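Engineer: Residues per chain, in single letters:
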Amino acid sequence: KNQVEQSPQSLIILEGKNCTLQCNYTVSPFSNLRWYKQDTGRGPVSLTIMTFSENTKSNGRYTATLDADTKQSSLHITASQLSDSASYICVVSQSGKSTFGDGTTLTVKP
Amino acid sequence: EPEVTQTPSHQVTQMGQEVILRCVPISNHLYFYWYRQILGQKVEFLVSFYNNEISEKSEIFDDQFSVERPDGSNFTLKIRSTKLEDSAMYFCASSARPAEAFFGQGTRLTVV
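Chains as they are written, first to last, in the numbering used here: chain X, 1 to 110; chain H, 1 to 112.
Since the hints were made in silico from the structure, they are not lab data. All figures in this text were calculated on a predicted structure; none of them were measured in a lab. No false leads were mixed into what you were given.
Label pairs and their computed distance ranges (CB to CB):
#1 F52/X - N51/H: 24 to 34 Å
#2 S7/X - S9/H: 27 to 37 Å
#3 I38/H - E54/X: 29 to 39 Å
#4 Y50/H - F52/X: 20 to 30 Å
#5 E54/X - L84/H: 41 to 51 Å
#6 E15/X - Q14/H: 39 to 49 Å
#7 S81/H - Q72/X: 38 to 48 Å
#8 Q14/H - Q72/X: 38 to 48 Å
#9 T78/X - V112/H: 39 to 49 Å
Note that the Cβ used here is the ideal one computed from N, Cα and C, for glycine as well.
Next comes chain X alone, as it looks inside the complex (with noise of 0.2 Å):
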């Protein structure tokens, strides 16, 4: 069965430190791989797309990124803000289907 699988279930940081957010996954091939940021009671929003082709992408203090061989990405946060609070979910799509992580629930702390 394919599986992504994200660590730490959380995470509680200071404001601005960094953190990094881990995603492992046994879905193959796959189409991309994909991170979103989901405040609670609203719908994810997309941070990063990358194909597999692709070894990093950032955006702004957002950077993802992967390494195909060992089916594992990652998802860096640099100098984290108090509205980085959030769940971030790895999702990993194969054709039209795609399966989601549990996610990782951080919290951000003055």
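Following the hints, position chain H against chain X.
Structural biologist: Coordinates of chain H only, in the frame set by chain X:
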């Protein structure tokens, strides 16, 4: 910035009733999706729709569910004979290319 619009934002229905959740995808998008998120759980794929037909569906998307694109702008999810366990956030998404998915803000369905 164009966005996916979902209505209503919250729907309460009695068990056994039928509900229709409505979505207006981004105008130039060709791929449409419905997802479900039960409270406290992860987002689950329900169905993808392209060229006026279902292109992929999950095991969750059984005969109780149906989708329709009744006109050029709307995309609907119908749930027949709702059950308590259908209570969840339902997200519509659309994309110009396969499997990119820009999400709406969701409809919270509560079955009582």
